[in-house]
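Colleague: Construct all of the structure, not just a fragment, from the sequences and the given hints.
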Amino acid sequence: MLAPLSWLREYVDIDVPAKELERLLFSVGFEVEELNEIGKDISGVVVGEVLTCELIPDTHIHTCTVDCGEKGTFQICCGADNVAVGGRYPVALVGATVYATAKDHVTIEGVMTIKKGKLRGVDSEGMLCSGVEIGVSEDMYPGAGYNGLLVLPADAPLGADVKPILGLDDYIFDIAITANRPDCQSIIGIAREVAAVLGKEFKMPALDYTENGADLDFNVTVEAPDLCPRYIAHYVSDVEIGQSPAWMRRRLALVGVSSISNMVDITNYVLKEFGQPMHAFDMADLENSEIIVRRATQGEKITTLDEKEFELNPANLVICDGHRPVALAGIMGGLNSEIKDTTKAVMFEAAKFARDNVRRTSRALGQSSDSSSRFEKGLDEYTTQLGMKRALHLVCELGCGKVSKLHIERSSGNSTEATPLTVSIAKMEEILGISVPENEIICTLTALNFEPEINGDELSVMVPPYRDDIDNNVQDIAEEVIRSYGYEHIVPSFLRTAKVTCGGLNQAQKDELKLKRALAAQGYYESMFYSFFSPRDLDMLKYPEDAPERNAIRIMNPISEDLSLMRTTLAPSMVNAAVRNLRRGNTAGRFFEIARKFIPKSLPLTDYPEEHMMLSVGVFGDGETFFTAKGAIETVADTFNLKFTYERGEKPFLHPGMTANVLLGDTVVGYLGRLSYEVCEELAIEKPVFVGELDYELLSKHFDSAIRFTPISKFASETRDLALVCSEEITCGALEEAIASSCKYITSVTLFDVYRGAQIGEGKKSMAFKLVFSPDDHEFTGEEIDGYVKRILKKLQHTMGVELR
Amino acid sequence: MAIQDQIREIREEIESGIGSYSTSKELYEFRKTFLDNKEGKISQIMKGMKDVPKEDRPAVGKIINEIKEWATSAFDAADKKLHAAELAAKNAAEAIDVTMPAVRETVGGLHPDTLVCNELIEIFSGMGFEIYEGSEIESDYYNFTALNTPADHPARDMQDTFYLSEGFLLRTQTSAGQIHVMENKKPPIKILSPGKVFRSDDDATHSPMFSQMEGLVVDKGISVCDLQGMLDTFSSRIFGEGVKTRLRPSYFPFTEPSVEVDVSCFACGGKGCKLCKGTGWIEVLGAGIVNHRVLENCGIDSTEYSGFAFGMGVERIAMLKYGINNIKNLFESDVRFAKQFKD
Numbered sequence: 001m002l003a004p005l006s007w008l009r010e011y012v013d014i015d016v017p018a019k020e021l022e023r024l025l026f027s028v029g030f031e032v033e034e035l036n037e038i039g040k041d042i043s044g045v046v047v048g049e050v051l052t053c054e055l056i057p058d059t060h061i062h063t064c065t066v067d068c069g070e071k072g073t074f075q076i077c078c079g080a081d082n083v084a085v086g087g088r089y090p091v092a093l094v095g096a097t098v099y100a101t102a103k104d105h106v107t108i109e110g111v112m113t114i115k116k117g118k119l120r121g122v123d124s125e126g127m128l129c130s131g132v133e134i135g136v137s138e139d140m141y142p143g144a145g146y147n148g149l150l151v152l153p154a155d156a157p158l159g160a161d162v163k164p165i166l167g168l169d170d171y172i173f174d175i176a177i178t179a180n181r182p183d184c185q186s187i188i189g190i191a192r193e194v195a196a197v198l199g200k201e202f203k204m205p206a207l208d209y210t211e212n213g214a215d216l217d218f219n220v221t222v223e224a225p226d227l228c229p230r231y232i233a234h235y236v237s238d239v240e241i242g243q244s245p246a247w248m249r250r251r252l253a254l255v256g257v258s259s260i261s262n263m264v265d266i267t268n269y270v271l272k273e274f275g276q277p278m279h280a281f282d283m284a285d286l287e288n289s290e291i292i293v294r295r296a297t298q299g300e301k302i303t304t305l306d307e308k309e310f311e312l313n314p315a316n317l318v319i320c321d322g323h324r325p326v327a328l329a330g331i332m333g334g335l336n337s338e339i340k341d342t343t344k345a346v347m348f349e350a351a352k353f354a355r356d357n358v359r360r361t362s363r364a365l366g367q368s369s370d371s372s373s374r375f376e377k378g379l380d381e382y383t384t385q386l387g388m389k390r391a392l393h394l395v396c397e398l399g400c401g402k403v404s405k406l407h408i409e410r411s412s413g414n415s416t417e418a419t420p421l422t423v424s425i426a427k428m429e430e431i432l433g434i435s436v437p438e439n440e441i442i443c444t445l446t447a448l449n450f451e452p453e454i455n456g457d458e459l460s461v462m463v464p465p466y467r468d469d470i471d472n473n474v475q476d477i478a479e480e481v482i483r484s485y486g487y488e489h490i491v492p493s494f495l496r497t498a499k500v501t502c503g504g505l506n507q508a509q510k511d512e513l514k515l516k517r518a519l520a521a522q523g524y525y526e527s528m529f530y531s532f533f534s535p536r537d538l539d540m541l542k543y544p545e546d547a548p549e550r551n552a553i554r555i556m557n558p559i560s561e562d563l564s565l566m567r568t569t570l571a572p573s574m575v576n577a578a579v580r581n582l583r584r585g586n587t588a589g590r591f592f593e594i595a596r597k598f599i600p601k602s603l604p605l606t607d608y609p610e611e612h613m614m615l616s617v618g619v620f621g622d623g624e625t626f627f628t629a630k631g632a633i634e635t636v637a638d639t640f641n642l643k644f645t646y647e648r649g650e651k652p653f654l655h656p657g658m659t660a661n662v663l664l665g666d667t668v669v670g671y672l673g674r675l676s677y678e679v680c681e682e683l684a685i686e687k688p689v690f691v692g693e694l695d696y697e698l699l700s701k702h703f704d705s706a707i708r709f710t711p712i713s714k715f716a717s718e719t720r721d722l723a724l725v726c727s728e729e730i731t732c733g734a735l736e737e738a739i740a741s742s743c744k745y746i747t748s749v750t751l752f753d754v755y756r757g758a759q760i761g762e763g764k765k766s767m768a769f770k771l772v773f774s775p776d777d778h779e780f781t782g783e784e785i786d787g788y789v790k791r792i793l794k795k796l797q798h799t800m801g802v803e804l805r
Numbered sequence: 001m002a003i004q005d006q007i008r009e010i011r012e013e014i015e016s017g018i019g020s021y022s023t024s025k026e027l028y029e030f031r032k033t034f035l036d037n038k039e040g041k042i043s044q045i046m047k048g049m050k051d052v053p054k055e056d057r058p059a060v061g062k063i064i065n066e067i068k069e070w071a072t073s074a075f076d077a078a079d080k081k082l083h084a085a086e087l088a089a090k091n092a093a094e095a096i097d098v099t100m101p102a103v104r105e106t107v108g109g110l111h112p113d114t115l116v117c118n119e120l121i122e123i124f125s126g127m128g129f130e131i132y133e134g135s136e137i138e139s140d141y142y143n144f145t146a147l148n149t150p151a152d153h154p155a156r157d158m159q160d161t162f163y164l165s166e167g168f169l170l171r172t173q174t175s176a177g178q179i180h181v182m183e184n185k186k187p188p189i190k191i192l193s194p195g196k197v198f199r200s201d202d203d204a205t206h207s208p209m210f211s212q213m214e215g216l217v218v219d220k221g222i223s224v225c226d227l228q229g230m231l232d233t234f235s236s237r238i239f240g241e242g243v244k245t246r247l248r249p250s251y252f253p254f255t256e257p258s259v260e261v262d263v264s265c266f267a268c269g270g271k272g273c274k275l276c277k278g279t280g281w282i283e284v285l286g287a288g289i290v291n292h293r294v295l296e297n298c299g300i301d302s303t304e305y306s307g308f309a310f311g312m313g314v315e316r317i318a319m320l321k322y323g324i325n326n327i328k329n330l331f332e333s334d335v336r337f338a339k340q341f342k343d
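Residue numbers (our numbering), protein chains in the order written: chain A, 1 to 805; chain B, 1 to 343.
Hints are computed from structural coordinates only; laboratory data are not their basis.
Since the model is a prediction, treat every value here as computed from it, not as a measurement.
It is possible that part of the hints are untrue.
[Claimed, not checked] So, partial list: chain A residues that the calculated Cβ filter (under 10 angstroms) puts toward chain B:
no.: 1; residue: Asn180
no.: 2; residue: Glu376
no.: 3; residue: Leu513
no.: 4; residue: Phe591
no.: 5; residue: Pro609
no.: 6; residue: Glu779
no.: 7; residue: Phe780
Glycine is no exception: its CB is placed at the ideal position from the N, C-alpha and C atoms.
Modeller: Set out below in structure tokens:
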């Protein structure tokens, strides 16, 4: 919301500097996002009168003598065509800052400092300025738009700073208005708050007008009162379209609105000043002397002022004359009834249209305007009435038409008066936690126009009709009071009245943290990736068209296609991270992520999908192997006392010989493998990448974090190393399992070497295991262990054809 | 030869030879020639005792014992000396360059968000807060309507929402969890709700996904003073002793009064610096007294109970605390980034 200081000053006697006003507004909840001094780039420019003016032969440049009062008299060269003896112009003295323009004298290229110079060999001590060079447009100062010197009034004091004369000493506040205060989306709304914070009176803009225009037989029908709770039409005859006065053009320019013509400017002015969108129809275009506010019929068309055509349906509200739509309610007028230079009479419209309907129509049609955005923020009907009065006053003030007696107001009966509200002071102070002095309550609420009265514990107020945010509750009043009284009065306390509660993480949350720390201890870094990914990620990993991973929830309005699907697997994010690291020259890394995948029960979503916790690991770079990556999986098992088994597995993006399914009992709970050569080639990466996923949600049901002590044996364990020769088909896991189950004293079997070679024979391998035997009730003798080993070997030979090497 | 002569000979032999060995192993071999239990020369002499006349035996035995004791201590002394020299040589030979790199397992680390969350959880669980994690996909009702933001409410424009279907969306705020908790738990309530949230926003300080931490207290007589008291404690714990909070009016549909909470700049102590943009204050969270409509939507009697809620961006805290300048870094898992965060 843009609010020029000069405009606010019309309604409040502001006696503090702009910077201080910014601070005060901030303290009551209105953050000034930007405080812009209009003439901040301009300095050292004064009023000067040209005393002599001589053309330099064969050029268009004049050598002038310029009287700048007490600043002195200077010789200045000037190329403008309107320089003349006796004229008063802005003079940028040596050292002044002004805008530098391009050759066209219009385009601003930056700020420059004026130096002594020579033009065509003639000394020049300063510069006579155009409007552009000192940042003044035609709308801000009449004549400033001329592509030549800006002509100052003949009575402008010589040597005086031009900034106050041209209004360059003004400030524009760009204020962030919170969604609960649509009433402050207007100059008077801000002015009311400024008045309250300064403790000054708010002066309402003039609303009076004289009804001396021609009468007319006219009718207004509101067929959809739910979408248009109030509609006011007022007729203005004897219209003379022309230019608005300078003050109005200037104010509009300061808030970014270009002047068009007096009638159109009045509607825009009221929108900015009161926050009430207005519309003016050319009476000559309204057929059948009536206005009907109704839902559009299916397929009905309208062309708006900006010459865009829309096809409508009954969800859209239109303003119609006797035959056709003439405006898209609250959004934009129709091209068929716009104000023209030839307009002789207008029908003004001030209405309140339902916020949600304007919003929906605007979104659906992709058509918006200052007016629609204002309606969407919310508008009160009191302001609708004020807006119309203000527009009619301006017609009289500008003398651009005659206000008729014809005033038609259709309303569904909402009050436009202040409404009474009584709250308990004790309850209010309970919310705030402090006691607010009675006089402060009175003072604060009076300044905000709530007309407070205190009677014992009862605080009675009249809620201003423009404060739709007040929800008839003590919390609203508490907020108004503390906002102005000041949060610095709050005395921090520590839950004086609250009961003691037992806090902390639950077991599942503790388990998750425990696992994260365990993985970190293994050199893994925790990752966090977006919950959404790209359909291309699934292509990258060669998931077939019918893969369940393709059944993903789609975001209806994604930022881009790459962030459009809710993840159904964590693997692509991890692969992308590995690739990104390798491309950035990070040669190795270990990562894990614990996050959710999203499995829809149906699409489009009609119910909550399953949010399923997954663990992914990614390991890449030199020195990493399938088995180092397997370490991450085993860390999970180790952390929660689980026993995983592995079998050869298959994934479309993994190396067929280096992929494992991870099983818990008979259930596949995940996979691990090396990224296939095909995928690596496509991604142009050479170093090995291993990626795996575990179904964290499923595993977590089996997590066992309990610590149970088993008494330690007082007898020493014995170890034996066995190198066993077997056929290639026998896996390490199978042999391990066979050894472990063949003797009850074996507490650990660990492979420590694999050998293949001529001595072993074709199709065979030697695997060396370290066996640990732990006695239970006596010290083992060497002979005893030898006996066990013999028995184990016999069994292995019998069942698996394994020989001792 | 008389035993006395033999002993003298042995003594001379030992005295002349004992100093000529440079390793304890050689010395040990030399020693064995005299002191070996079976073959040693002294043992041999002992064997000759049987030929000594009975009356001379005590005297001879005495001198044999003397030579044995003398030899033992002479050899022990020589050995000690040699062994010490050997160890010294070994030590010298084994001297290493201690500046060479350590051999160890490199420890990884947790995500900065997790570090911040853990710290927040520790602070608040000590105050009796339970941790509640809601779903990332929410219904329109829980994310907006129940939080006093009905359909087409202008406050919905405050957040650019990702929609998944007519009724479902990616939660824009962890506040959605408030409702689930209050529907299922009666006061006193103290919960802390961390989680990922989503908004259609993408630049150097905004990410379409980020994490929030929401806190909610509902009990009897909860006031703005309690809110500030708790936030003061939180701020000094997370940003450092002496960091103060400042409340200023704001608006959220689900709280009233609503406040923005600034902390005094922990980099400059409030004097004004680059971090706080010269203001001395840094905006860290939004908070307020729970709107009575929200309590009523959850079946909690707002005349009996009141509460406060606060919510903060975890990445914002992480970026402030660790000086991270681009939020994108947090979601890229670049090794060079990850290595800087140790628990």
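Colleague: Hints first: check each against the structure and report whether it holds.
Modeller: Structure-based check of each hint:
At its closest, the beta carbon of A/Asn180 sits 5 angstroms from a beta carbon of chain B; the interface hint therefore holds under the 10 angstroms criterion. Satisfaction of the interface hint for A/Glu376 is found here, the shortest Cβ-Cβ separation to chain B being roughly 6 angstroms, below the 10 angstroms cut-off. For A/Leu513, the interface hint holds, the least distance from its beta-carbon to any beta-carbon of chain B being 7 angstroms, beneath 10 angstroms. Interface restraint check for A/Phe591: the shortest CB-CB distance to chain B comes to about 5 angstroms, inside 10 angstroms, so the restraint holds.
A least Cβ separation of about 6 angstroms between A/Pro609 and chain B falls short of the 10 angstroms threshold, and the interface hint therefore holds. With a least beta-carbon distance of about 31 angstroms to chain B, the hint placing A/Glu779 at the interface is violated under the 10 angstroms criterion. Checking A/Phe780 against chain B: minimum C-beta separation of about 33 angstroms lies over 10 angstroms; hint violated.
In summary, the structure is inconsistent with hints 6, 7 from the numbered list given earlier, while agreeing with the others.
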